[in-house]
Amino acid sequence: MAPLSAAKPAEHRSSLLDRFLMQGGIVITFLIVAVVATALVEPRFLNRLNLINVMRNFALLLIPSLAQMLVMTAGGFDLSVGAVVAISSVVTAAVMLVGSGYFPDMEIAIILLSLVAAIGVGALVGLTNAGLVASLSLSPFMVTLAMMSVLMGIALYFTQGIPIYGVAQSFITGVGRGQFLGLPIVLHVALVVLIGCIVMQRFTALGRHIYAVGSDLRSARLSGVATGRTLAIAYVLAGMLAALTGFLMTSRLGSGQSTIGGTLALETIAAAVIGGVSLRGGVGRAEHVALAALFLAVIANAMNLVQVDSKYQTLVLGAVLIVALAIDRLLLRKRQA
Amino acid sequence: MLQGFCDEMLEVTGFTKRFRGIAALDNVDFSLNEGEVHALLGENGAGKSTLINLIAGTFPWAEGVYRINGRTITSLTPQVAQEIGIAAVFQEFSLVPDLTVLENIFLGREQSGSLFLKRRQMRQAGTELLDGLGFHLPLDEKVAFLSRAQKQMVEIAKALRMRPKVLILDEPTASLTDGEADKLFHAVALLKGRGVGIIYVSHRMSEIRNLSDRVTVLRGGKRIGTVVTSEISDEGLIEMMVGRPVEQLFPSIEHRPGAARLEVRDLTTQDRSVIGASFVARAGEVVGLAGLVGCGRSELCRAVFGLETVEAGTITVGDKTVARPSPASMLASKVCYFPADRGSEGLAMARSARENATMSSLDLPALSAGPVLKFWREREVIKAPLADLALRPMAPERKVSAFSGGNQQKLMLARGLMRPFDVYLFDEPTVGIDVGAKVDVYNLIKSLVEAGASVVVSTSELPELINLASRVYVMHEGKVVAELGQSELTEAQILSHYFGGRA
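For the record, the sequence lines run as chains L and D.
Under the numbering used here, the first residue of the first sequence carries the number 121, and numbering increases by one thereafter.
Under the numbering used here, the first residue of the second sequence carries the number 455, and numbering increases by one thereafter.
Keep in mind that the hints are not guaranteed to be accurate.
[Unchecked claim] Chain L regions said to be covered by chain D (calculated; three or more residues, Cβ under 8 angstroms):
| # | segment |
| --- | --- |
| 1 | 325 to 338 |
| 2 | 343 to 354 |
[As the list claims (entries may be wrong)] Pairwise CB distance ranges, derived in the manner of DEER restraints:
| # | chain 1 | residue 1 | chain 2 | residue 2 | range |
| --- | --- | --- | --- | --- | --- |
| 3 | D | R563 | L | R400 | 24 to 32 angstroms |
| 4 | D | R617 | L | S290 | 58 to 66 angstroms |
| 5 | L | G348 | D | R846 | 32 to 40 angstroms |
| 6 | D | A844 | L | R349 | 43 to 51 angstroms |
| 7 | D | T680 | L | R349 | 40 to 48 angstroms |
| 8 | L | F323 | D | S529 | 34 to 42 angstroms |
| 9 | L | V270 | D | L818 | 50 to 58 angstroms |
| 10 | L | G348 | D | K572 | 24 to 32 angstroms |
| 11 | L | R400 | D | I527 | 33 to 41 angstroms |
| 12 | L | I447 | D | R617 | 41 to 49 angstroms |
Because the hints were derived from the structure by calculation, they are not lab data.
Even glycine gets a Cβ: it sits at the ideal position worked out from N, Cα and C.
So that you can see chain L by itself, here it is in the shape it has in the complex (with noise of 0.2 angstroms):
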């Protein structure tokens, strides 16, 4: 008899190691070992005022890191959420600004009014990258990368990189510096976008075409999911996650910048790579990305705490991702044995 393919898997099949590892093992390893280090060597750290600084560094990278998320499951990359977040934020200071030279009694109104144009925006830029994409199937690498070009350029275009004061003031207390059950507000906005993502990926048709088309575009698409519609939700969805980071980093700086985000688009991939996110798509889960993008604020507070030189601070998110990536390829190798 010719050996039994059948029974070869089983072997495969993970070890408990391998369950670990799949299952987000690295990144609460690398989590607990950041916190604790982080905690002895800086007592500071544990000081509740710098724990609510960390909480809004974590919220604001989280969201923007679940963008990122949602994008390299469905198989692609968007390094232009740094600039969508810094064009979002223009266009929010922008109508906040105009808004209430001529109603300057509807200050709620006007925030909300800002928030949908910052997140139309987003959605725009996230349907045109996802047409570029899938119907004239360019890679989402260079789509995506120029268009951060482009938007930067407006951006700058608009503002000549001044920024644009004048925001609502309870924008900026009630949102940005706001807080609710002793947590900031951002990260209660964070969190619910975080459970979203969550019961979407779990839950939801939706979620299950993401991950497919992600994981083999023909085998989707011989299988009757609509890819191009698919990839287009996740790329819009990734938009206004991008813009809606924007919006509430206005409210925390107090005006609209068109220099943020710059490192955006590399700390997101980061954060999406450390927490299981394949590279080439199909695999990732929203609680891990929470995680990574939660390890990441931790060392870049620590960083600050022991006032390393922002310039090493670069490099050692490059370190770190290295690491990463370094990770995913043997993990990779792992699985094709």
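Assemble the complex: chain L is given as a structure, and chain D must be docked to it using the hints.
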């Protein structure tokens, strides 16, 4: 017209399809009855896959009439085909590796409420579907971790999720072991009993004989005939398929065994795919390596060429023993190897035929002066070998991927003809190529041997062993279990050793 119930549920007439002006399918008729297994038989390139792809709606037909249940259809997409009850299981799967078995079965057809998936309901339905087929699969395992046989089962279950009336199976047993194939046959019988019509594409005579009610034979895009399976012999079917009696495919080779050119003693590979194998190949003869797929004959060839790690044993080429075989040292010892997997081990698909032909010969004085290539000579140098192999079309600048399988194979063989070798190792030289190209390959082997080279052919095709080789070694589970001389080379003799038994 017929009254009421229509027994003939699928009928196509005058089907024609052209690719870039070349007819892949030429005026073919085909019909399928309820509860019938209708086999499609033909060489590669005969038009089988074109026909089933047209029926499944993968691409549109150019001419012809398509009727299902008496209704005429003018156009079809894969989605529409599924909805009207036509499901296909192609050799290339439509499974997503990162989703689980269950998720794949319902992919694109998820049962869902207004917002959330009905996960329990799908699990129930998926379990029933698999149980009904007698397939035992881990529902929550990612498809990437399954064996090819298990993937095949998932693919079949997936095809049946819509309760199709017509099921197309494209060489479903190509990668299954006997036990797994039995499960598949059982499922086919089950579906047939439920009135599903099955179009069954296969090369294997025994399957066609056991499963099918009728056989349609295609050759060169034309329908050669449709016959009731029980009314024709295997030989008759083969003759319909290849268009001439089997014996005429092979040239008569004059073997003049001389000195031993390649001698392998007690070779064992590190992964134990070859265990203590020994064989001798002499100048002026063709030595066959026989055995089931996975018996170790491919690995033996690869090990000789330094592609598998050798743990024990010796390899002697001519009169010197090669201590550490590597492709470079074996080529230097004038041993040439042609791999079975042209795509991943043999050819650079995106590069031209010319570059591929000269790839391993760029160190020849004819082609280089130190580090500088004599690129102006390259075009001249390749002319003769490509002409010997009858490359079609003779377009050396064309990308390899644009050639047919048979001609890609010839390009790989051309590499071995750029300079003379003493020993040629062929691993499955005719897998996936058409009859014409096969004959060209056989003629090449003949000319090499008659010029005094030693040729080793590892193949699953019994007729090749019988008609080309002067001696055959049969392998089973990594060991050489028999050596047969020319007088003993019959199908029955060779097969009797396939399962390790002694004749």
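| Violated hints - listed by number, lowest first | none
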